[in-house]
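S.K.: Listed in order, the protein sequences are those of chains D and B. Numbers 1 to 149, taken from the numbering used here, label the letters of the first sequence in order. Numbers 1 to 132, taken from the numbering used here, label the letters of the second sequence in order.
Derived from the structure by calculation, the hints contain no laboratory data. All C-beta atoms in this analysis are idealised placements derived from N, C-alpha and C, irrespective of residue type, glycine included. Heads up, some of the hints might be wrong.
To be verified - Only some residues are given here: those of chain B computed to face chain D with a beta carbon under 7 angstroms:
#: 1; residue: Gly25
#: 2; residue: Lys41
#: 3; residue: Ala105
#: 4; residue: Ala106
Said to hold, decoys possible - Just so you have them, the derived chain B footprint on chain D, three or more residues with Cβ under 8 angstroms:
#: 5; region: 36 to 45
#: 6; region: 48 to 55
#: 7; region: 72 to 78
#: 8; region: 86 to 99
#: 9; region: 126 to 136
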Amino acid sequence: MGNLRIRSRHQPYEIAVLAAAPFCGVLLIILDVRPMSVQTSMPEPIQVAWELGLIAVGVGGLLGVLWPGRLSTGLGLELASVVVLGTITGMYAVALVVVSGRSAVVATSFVLAVTVGSLWRAAQITIDLRRLARACEIVPYEPLQAGVT
Amino acid sequence: MNTAPAPAAPHWVQVALSVLGILGGGTGLAAIATVVVQRGKFKADAADTLTEAALTLVQPLQTRITQLEVEALGARSELGTLREQVNQLQFVVRVLTRTLDRWRAAIRAPDATLRKVRATVAESDRIPEMDR
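If we strip away everything but chain D, and leave its shape as in the complex, we get:
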């Protein structure tokens, strides 16, 4: 298992996007507005879930990144958040395309970039979790602690 390596969880872009998500969600609730594209292209319950999802994703993702306990739990939280973030931004991108079409090229591109990045990160975390599980099988933990004394 010579070159096993768990990727760092402290990525500036990821943290910035995860921090922006709940900010958006809270602002949407406080200001009582929703993007036109979301309003027109999603049924009401999905709109509510989308809005709450923004907050949940951000809070859960940041929690996962900063999780002080087991690495696997932190990675799992982050994985879930990142998957849902990818879904939310993907939905928004589709809504943008449907409603605004060509005039929303820039917005759609950036939102889609977040989708791609999120799913990419999700794939990374999945691989890391699998490696971690394998490593925990190979390295017995108790003898390791005993060996240090």
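Knowing the structure of chain D, use the given hints to seat chain B on it.
M.R.: Quick look at chain B alone, frame taken from chain D:
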């Protein structure tokens, strides 16, 4: 909502986005559930043992610790042997110093004769201490 109700998008978009949302949310929940259920697989605590590349170091370090333990054991037994040798040598030095003193005294004695000196030397030959 304070915005006027917008014209609804095509029905299939609503359905597609709903399906997408439910699928994504479900996948996210499933991810958390999987990690929680399989917690037993991940035995190690994060912060101290498994940050970043630390995992890479665990295995080589274990090997190294074993090596060092073996080496330490060897060094300790060698130290014991050497200490034993030093003790013996100290003893020999003490005996020789005493013999030398005795001979010097015999030679420097005002009434020293060759015979007396020879007798002293012959006597110290018989001192059993020297038979190591």
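S.K.: Are the hints correct? Go through all of them and say.
M.R.: Structure-based check of all given hints:
| no. | hint | result |
| --- | --- | --- |
| 1 | Gly25 | holds, 6 angstroms |
| 2 | Lys41 | holds, 5 angstroms |
| 3 | Ala105 | violated, 59 angstroms |
| 4 | Ala106 | violated, 61 angstroms |
| 5 | 36 to 45 | holds (count 6) |
| 6 | 48 to 55 | holds (count 3) |
| 7 | 72 to 78 | holds (count 6) |
| 8 | 86 to 99 | holds (count 9) |
| 9 | 126 to 136 | holds (count 5) |
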